[in-house]
Each structure stands twice: as structure tokens, then as C-alpha cells.
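What follows is the residue order along each chain.
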Amino acid sequence: MFTPHTKRDVEVMLESIGVGKIEDLFTEIPAQFRYPDLNLPPRLTEMEAAAELESIASANATTKDFLSFLGAGAYNHYIPAAIDNLLQRGEFYTAYTPYQPEISQGTLQAIFEFQSLICKLTGMDVSNASHYDGATAAAEAVILAYGHFRNKRKKVLVSRAVNPQYRQVIRTYMQAETSLQIEGDEIETGIEPDMKNLIEKIDHDTALVIVQYPDFFGRIIDYTQLIETAHQFGALVAVAVNPTALGLLTPPGEIGADIAFGEGQPLGIPLSYGGPYLGFFAIKNALLRKLAGRLVGETVDADGQLAYVLTLTAREQHIRREKASSNICSNQGLMTLAATIYMSLLGKHGFQQVANLCYQKAHYAADQLSGINGFTLVDEKTPFFHEFVVKCDEPVDELLEHLLHHEILGGYDLGQEYPELQNYLMLAVTEKISREDIEYLSAVLQEENHG
Amino acid sequence: MLVPEDLKYQKTDEWVKVEDGIATIGITDFAQDSLSDVVFVEFEIDVDDEVSVGESMATIESVKAAAEVVFPVSGKVIEVNQALIDTPEVLNESPYIEGWLVKVQVSDESELDKLMDAPAYDAYCQER
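Sequences listed follow chains A and B, in order. The letter at position 158 of the first sequence is residue 160 when you use our numbering, and the numbering goes up by one with no holes. The letter at position 11 of the second sequence is residue 771 when you use our numbering, and the numbering goes up by one with no holes.
Treat the hints with care, since some could be wrong.
For lysine-lysine, the following DSS-like pairs were computed, each having C-alpha atoms within a straight-line distance of at most 30 Å [unchecked claim]:
1) A:K292 - B:K771
2) A:K292 - B:K874
3) A:K292 - B:K824
4) A:K292 - B:K836
5) A:K156 - B:K863
6) A:K157 - B:K824
7) A:K156 - B:K836
Computed list of chain B residues with no C-beta within reach of chain A, every gap over 10 Å [stated by the list, open to error]:
8) D793
9) E804
10) E810
11) V811
12) G814
13) T847
Just so you know, these hints were derived from the structure itself, not from any lab. Note that beta-carbon positions come from the ideal geometry of N, C-alpha and C, so glycine has one too.
All chains, full assembly: derive it from the sequences and hints.
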């Protein structure tokens, strides 16, 4: 047991403050709340507790035992064993940027490498040391843009094809900014791939336009015209990207994005029921001083040796207080390291190979499914990456229930977040899915269809 | 330390010079020296903005600190020295001439009476 103080230590401390016993320190708390009856079950030994927890955990349907076509923002990629091994080294095993960061040169170097890799991947100029997850990175994009125009532009447009959770978190973060309008994701604006309705809403009062690439439905949309229009009106454009897809796609930096951000979970981080995840955030040079969060730079020390430092900290709230662009003063250290190791291990070609496998397998799956009676591929024209939508003849929840009996997590029921998309099922296919897996899914769906 | 005679000074180390109702505003030699090397200037107002005394016009970031510059007079902004964005070091080299920050059409010249003259500002700096 961990006992920080001996009985003698405690006695000395109590004596020096003139208190008889520890309980006397709590007399301010009304007696009935002081030692409430917690009604706990009898205590267990470690062995018994472990057995009970394991038995509870085994009731979960996980991607270990089930075939999974679930995506919608979190993806089941293969995670090389080296990642966990390196992460658990004591030198790295901390969740945040250290409080005296320069003493932890290894941690700073890892963050610097992460920033460099994210810049390479996104085609942007500067990346910060990360945020909590894709959704909070989205909110930071809004804060940055709103502040960039000194709160004078009152509108942020968000495409309805941006992850619904990101849109919710943006609204949560910005709820106190009552003069800021967050719009563009109404049902009437829709999700047509030409983006016409959204483009029409861009005006001189627009601070930021947010789109996703590939979008929430997996579609690869050409945003050239949207970005041109936004820039004509002086607005910024933030693109939420799936990092894996950037192994194949033109990076957002090259299509004119001012901000590129996204969920870093696909980069070697387990699904883990939703977290801890990793938000990445990169910008063009012009926005450097508005960038939130930690930023690691490379320099030389007094002896002329390579060294890493936190740089441009005047952006941050511990120096600029109320003028800072964000309250974020740390980063998602351990997850950042996982992503850095993942990208380094795969290398450029490995990364492209993962993206290509996802793409090819997803297209094989879409092909197979659209051949089954009762299932229609919703959009046959717009290119997609590793996720696609099918319309089903029956309610999606019933279908998913049926697939669960066959140990398949069948995908994401779009009707949950999009009332206009009842009976629409979205499936994600990563490199972990084999041809046999896809054929098994088809067989089960076909049988379902006949049954 | 330079404290030109023909300027008026504010306690927060801004200088102001009024000619024909137009106030030119900058930071003093004392301010630039205390800040040391200026690396970034961010304006917080635009031309045509109506501003009042005490309102923030810019943030100046140096290798040592980030400091706020506030208006010593009220009025309407008519010009912003955008050149400083690309060459912030001018604030160190020439705080009273090329390093001016903002020009304002003064709405109430009596506000100038509340500011220090050169000898008073010089004495104020000596105390610090």
C-alpha cells in the first residue's frame, strides 16, 4: 500500500498545527455528511476484483472479436506493436507537455517531429503540439477565426457534412459568444456535393467556412470553388481532414485551406470507446500569431548544440492572459507520441499503402453491397475514400441487430443524427478488413434479405 | 533616453503629437528600451473605428514580453502604420518618427491636458 506518511509524521504535523487527530480537521463539515454510509459491497481481493472486472468487460462486443464496419470519425486501423512498447517507456510516459518543458528534451523533440510530420501530411506551414481531439480542434479553428477578425465578422459557416460531434462541440465552446452565428448546417442547406447552398451563404460577415475532407459521409469533394469564394469575401477556410486519406488525396494546404485540422486517432491510437484521442491543427504562416496551444521550435543552446524549446509563447494565455487566442496551455502528449511513432514507422510509402488498401477495399465492399437486393449505393458519382453510404429497405437498427448476431458491427446508422437519412447505413472499411470479411458481410446481408 | 519636447505623454508610455486636430500616437523610447527587441505588432483597431481613451490599439510583442498600447486620446482612427507589421524592429530604431502606430482625428482636445509634458514624463521615467 502507498503510505506517504508514517504514523509519527502525522503526529508531528498534527502537533505543529495544534490539532489532536485527523478527524478534527473535518469538523466544519456537517456531521451527517462527514462519514456517509456508502452502501458498498463487501471488499474483494485483487484477484477477485480482476475476475469480476474481466467478466463485466467480456460482455462488450469489441473489434477484437467482432468484424467492424463502424467508422463515422473513429477508425479501426492496425496499430504496430512497437507503438505501445515505446509509449510505455518511463522517459515518455506523461500525458502532457512538462511544466519545465526544456528539461525534457526528448519529449520536446518528439513533439517537434510530430509538428513536422503533420505539416508534411497536410501541406500546411505550421502545426501546433496538438489538441484533445478532432472536435475540440474544430472549436479552436472557430475561436482562431473569430479572433482573427477581432470578433467583427459574426458568422461561421459549417457544412452539414462535417462530423455532427464536431458541430456540437463548436457550439458548446462558443455558446457564450452570443453575437456569433454558427450556421450552414441546417437541413435546408443540405449535403449536396456541389456545395452550392453553402457557397451562397458566404458573405463579408463570414469569418470562417468549415468543410470536411473526405466529408462525414466519406465523399471526396472538390472544394476549389468554395475556397475561392470564401477568399473573395476575405473569409478563412478550415478543412477537417482524415489523416489516413491524405496518403492519397491532395493535401488541404495545396487546395488553399487556411486551417487544416482533424482527428488523429487513425494514426496508431486505439478506438478505446472514444478516447483519449488526438486533435491535430495546422495553419498557414499568416495565422501564426493566432495559433493556439503549445509550439515546439528547434534552436541551438549556449554551446551551439541542437536544442528544442517552447516557442512564440507570447501567444499563450499564461503570458497574454485575456488577449490569448485560447486557454489551451498543454497538449495531448502521449497520443502525439503515438501518432509520431506511427507515421515514422509506416514512412511515406507505408502510409500511402494503408490509404490505398482502405480505398480499394472500401470500393470492393461498396461494389459487393450494391449488388444485393434491398441495398443501394446512395451516391454513385462522387468519389469516396474508405467510407460510403447505402440505402436499406429496412430500418437500420433492425439490420444492425441482425448483423450483431453474426458478430458483425455493421456500421453507423445515419438516421441518428440526420433525420432526413432514415434507413441510411454508413460503412467504413480499413486495411484490417479482408476480402473474406467483405464477402462474409455480403453473405449475411443476402441471407437476411431472403429470410 | 529621448523625451522630445514637443510631445505629450501618457503614464502607460505612449506619446502623442497633435497637429491640425490629428493626433499621431506611438510608444516612447523608454517603452521600446524596456521591451527590448520588438518582434511583432498586432493592431486591434481599423481605420474609421471610433475609439476612446484607454482603449487598446495594439499589442506589441518583444523577445521578453507582450505589451498593450492604449489610446491617450479619443476620436476616429484615420491611419494605421501597417508597415510595422512587416518591420516591427522600426519601433526600436525610430520610436518617435517612423515607428508611429496610429493617427486619430481627435474629438476632444481638452483630453490632452490630462497628459504629461516632456519634463514631467522624464521625471516619471527617472523614478522607475
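Evaluated hints:
1. A:K292 - B:K771: Judged against 30 Å, a Cα distance of about 29 Å means the pair holds.
2. A:K292 - B:K874: The given pair, whose Cα atoms are some 35 Å apart, is violated under the 30 Å limit.
3. A:K292 - B:K824: holds (18 Å)
4. A:K292 - B:K836: holds (26 Å)
5. A:K156 - B:K863: holds (27 Å)
6. A:K157 - B:K824: violated (36 Å)
7. A:K156 - B:K836: holds (23 Å)
8. D793: holds (18 Å)
9. E804: violated (6 Å)
10. E810: holds (14 Å)
11. V811: Given that every Cβ of chain A is farther than 10 Å from that of V811 (chain B), nearest at about 13 Å, it holds.
12. G814: holds (15 Å)
13. T847: holds (16 Å)
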